Structure formats: structure tokens, C-alpha cells
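The primary structure of each chain is shown beneath.
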Amino acid sequence: MADMSLDSGLGSTVTCRSAARPAGAPRVLLVIPCFNEEASIGGLLSEIAATGRGYHTLVVDDGSSDATCAVASRSSQVARLAQNLGIGGAVQTGIKYAARQGFDFCVQIDGDGQHDPRAIETLLDAYRRNPANITIGSRFIDHAGFCSTPMRRAGIRLIVLALNGLFSGGRITDPTSGMRLLDRSAIAFFAKAYPADYPEPISLAWAMRAGLTVSEVPVEMRPRETGVSSIDGLKSASYMVRVLGYILLARLVRAPRRRDIQ
Amino acid sequence: MTSVLPSLETVVVISAFALIYMLVLLRKTLQGKFDLYDFMMLSMVAIIPASFALFPKLAYLVSHLTGVVFPFVVMFGALFLVVFAFMHNMTARLHRLERQNCALIQEQSLMALELKAKENGPGGTKPI
Numbered sequence: 110m111a112d113m114s115l116d117s118g119l120g121s122t123v124t125c126r127s128a129a130r131p132a133g134a135p136r137v138l139l140v141i142p143c144f145n146e147e148a149s150i151g152g153l154l155s156e157i158a159a160t161g162r163g164y165h166t167l168v169v170d171d172g173s174s175d176a177t178c179a180v181a182s183r184s185s186q187v188a189r190l191a192q193n194l195g196i197g198g199a200v201q202t203g204i205k206y207a208a209r210q211g212f213d214f215c216v217q218i219d220g221d222g223q224h225d226p227r228a229i230e231t232l233l234d235a236y237r238r239n240p241a242n243i244t245i246g247s248r249f250i251d252h253a254g255f256c257s258t259p260m261r262r263a264g265i266r267l268i269v270l271a272l273n274g275l276f277s278g279g280r281i282t283d284p285t286s287g288m289r290l291l292d293r294s295a296i297a298f299f300a301k302a303y304p305a306d307y308p309e310p311i312s313l314a315w316a317m318r319a320g321l322t323v324s325e326v327p328v329e330m331r332p333r334e335t336g337v338s339s340i341d342g343l344k345s346a347s348y349m350v351r352v353l354g355y356i357l358l359a360r361l362v363r364a365p366r367r368r369d370i371q
Numbered sequence: 387m388t389s390v391l392p393s394l395e396t397v398v399v400i401s402a403f404a405l406i407y408m409l410v411l412l413r414k415t416l417q418g419k420f421d422l423y424d425f426m427m428l429s430m431v432a433i434i435p436a437s438f439a440l441f442p443k444l445a446y447l448v449s450h451l452t453g454v455v456f457p458f459v460v461m462f463g464a465l466f467l468v469v470f471a472f473m474h475n476m477t478a479r480l481h482r483l484e485r486q487n488c489a490l491i492q493e494q495s496l497m498a499l500e501l502k503a504k505e506n507g508p509g510g511t512k513p514i
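Those protein sequences? They're chains A and B, same order as listed. Take the first sequence: its letters are residues 110 to 371, numbered as in the working numbering. Take the second sequence: its letters are residues 387 to 514, numbered as in the working numbering.
Simulated from the structure, these hints should not be mistaken for lab results. Given the structure is predicted, the values throughout are model-derived calculations rather than measurements. Every residue gets a Cβ at the ideal spot worked out from N, C-alpha and C, and that includes glycine. Where hints are given, some of them may not hold.
[Said to hold, decoys possible] If you anchor each label on the Cβ, the simulated ranges turn out as follows:
no., chain 1, residue 1, chain 2, residue 2, range
1, A, LEU267, B, PHE466, 44 to 50 Å
2, A, ARG363, B, LEU451, 39 to 45 Å
3, B, GLU505, A, ASN239, 52 to 58 Å
[What the hints assert, rightly or not] From the structure, some residues in chain B lie toward chain A, with a derived Cβ separation under 8 Å:
no., residue
4, LEU422
5, CYS488
6, ILE491
7, GLN492
8, GLN494
9, SER495
10, ALA498
11, LEU499
Produce the entire structure from the sequences given, and follow the hints as far as they go.
Here it is, written out as C-alpha cells:
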């Protein structure tokens, strides 16, 4: 579907540009996909505000049936999806917004409180030192904080093997991390195409196939405060098969031309 | 192999089924529930068995030409072919509709944001 330009629409952008960050500082949009996160989203937004960095935030309410939208809209912009699209559709909504508003960086963080907003600056620092199109906050470099269950770690290792074996563009240790920074090239790329299901590892495969670069920086993650993971039991096996299949497919398809990405 | 022709009862039952089924499909097509492509593909479920029952010699000729001993195997093969072609196109169409649906929902939410920002004026949204 053709993108409809909103560039001239949000008159608030000018205000945002001059509001908190010094002139010339990069504009950073935090995209926070949420589905029934009323218990955690308020606290997360307060934590973000407490960093004092003046980040722009966009909570993408993925068709929640609870008060997520009401709680989030007290302190952030909220894009409310009329229907649950899943994590991929929600994240891409935020990325499209970032592309149309000309943000320099788009940082995805989970709405369940697993990601410490103070680590966003770590991602930005890592980008300044080593500019890669995608910078992932990885749990598995320092192995500090919550590192998921042993079963999941084994699955993640398989995905890591597939990604690092099939693609060049960066060594990955945490392909399922939901904390990642995208620069303008990655924003433009994902605004056009983003996987709907299991998007974190598959999007990395797509990006690396397109020639985008990936780097990682160690971050500490916290155990989920509320809610339950959607990938449990038999779904884990289905997850692995589908993710590995998509990664293989990404390797087989013709790589997009650079000019198609930007 | 000896040709075994279908009995009159078989021809009547299959023809009656084909006629009734086609009428039902036609009605649904006229009501706009199916388009012409759906009508043609779905009506094959009636047309193929009916043509095998009404023209048995033709059925034997086709099975002879395809090297298949029994005409009903050819008939089911043809039916499967039609069903798979239909399913293939339907899956592609569903997938396309799903992507369009997703893009529309995203556009709607982004446009709602745009409207809200316009209503709030230039001081409407600020970084936190």
C-alpha cells in the first residue's frame, strides 16, 4: 500500500524539536508497543521521564481491552490500533511514524517493564562509537540481569547460529531482544516492510540481507513484571521452526537494492 | 478393460445434485456473496462428476489418454487440481488482504494522531 505522507501533518514536531534537547541533538523516538499493559506502562513512562533526556515517546496500543491507552495518554502520545495486529504490526506503526516525522533514531522498548530506560543512552553511546544501522541491547554479552529460561536460551542459540552463519553484517548474540535502536536507514527500511510474526529475529535477517549493519551493546534486562509471554509450551517449537524457516527464506531471496531501501 | 457405464439412477442422482448445487451457487453469486471466479471454480465440483456421468465414453477416452485405468481416478484428480488451484489463489488473496488490513489499521491510527496534533495546535505534544 502506498504510504500516505503525514510529514506536513503533525505541527507539534517543531515544538518537539525545540522542547527539551539542545539544538542539533538527534531526535529520538521511543516506540513502546503495548497489549494490555495498564499495570506497567505508567511506571515505565515515569521512568523514561525520570531520565530527563527529553525523549519523544509513542505508545502503540495494540488493541488492548484494558486501560492501557488511558494510562499511557496521560504522559505520552498514543497510537491506538483499532484491532490487535501483533507485535510486528504495532512496532511498524511506530517506525512509520518515526519515518514520517523525520526522527534520527527510533528505539523500540517493551511496555512490560523488562527494559530499563536508562539503557537507551547506552544504545545511543554505542551508536556514536560504532555507527551501525541497528544497535541491539543484548542480555548475552555480559550475562547480567535476567537472561531468560535455559530452554529459551538454547532456542536463541540456534537462531544466533543461523543468523551469524547465513549473513554478514554483524555478530549477534541476542536476536530476540526487544530493545533496539534504529538509525534513519533502518527506519526507512522497516517502514516499508516489517515481519508480522516473531519480528525481532526475522527483521534482523531481512535487514542484514539488505546490507544493513547490526551491532550490539550489553544491557541488563529485568524479569517481566506483569503479564505472561505469548510463546510457551508447544508454541516454542512452532516459533523455532517458523523463525528458522523465515531466516533461511531471507537468505534465499534476492537482496533488495540499496536505493530501494533509502 | 471392459467399459462399465453408469446406471440410470447414478446419472439422475449426480445430475440432480449438479443442478441443485449450481442453482445455489448461482443464487449466491447473484446476491454478491461470490464473484464470477468463485462461481466457476466452485461449480467444477458439480460439472466434473456430471460430465463423467453423462458422457461415460468421453471419461473412458480421457482415462485411456492419460494412462489411468479407472475413470473415477481421473475425475478425482481433476477435482483435486481445481480445488488446489482455488486454494492457492485464495491463500494468496487472503495474505494480500491481511497485509492491506494491517496497513489500513496502521494508517488509521497514524491519521488519528495527526488529527489530534492539529487539534492541540503547535504546543500539543512534547517530549517527556
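Results of checking the hints against the structure:
1. A/LEU267 with B/PHE466: 44 to 50 Å: Between A/LEU267 and B/PHE466, where Cβ atoms are some 37 Å apart, the hint is violated.
2. A/ARG363 with B/LEU451: 39 to 45 Å: 41 Å Cβ-Cβ, so the 39 to 45 Å window holds.
3. B/GLU505 with A/ASN239: 52 to 58 Å: The hinted range 52 to 58 Å is violated for B/GLU505 and A/ASN239, with Cβ atoms some 42 Å apart.
4. LEU422: Violated, because the Cβ-Cβ distance from B/LEU422 to chain A comes to roughly 26 Å (cut-off 8 Å).
5. CYS488: holds, 5 Å
6. ILE491: holds, 5 Å
7. GLN492: holds, 5 Å
8. GLN494: Holds - the Cβ of B/GLN494 comes within 8 Å of chain A, reaching about 6 Å at its closest.
9. SER495: Hint holds; B/SER495 Cβ to chain A Cβ min 4 Å, cut 8 Å.
10. ALA498: holds, 7 Å
11. LEU499: Holds: closest Cβ of chain A sits about 5 Å from B/LEU499, inside 8 Å.
Hints 1, 3 and 4 from the list above are not met by this structure, while the remaining hints are.
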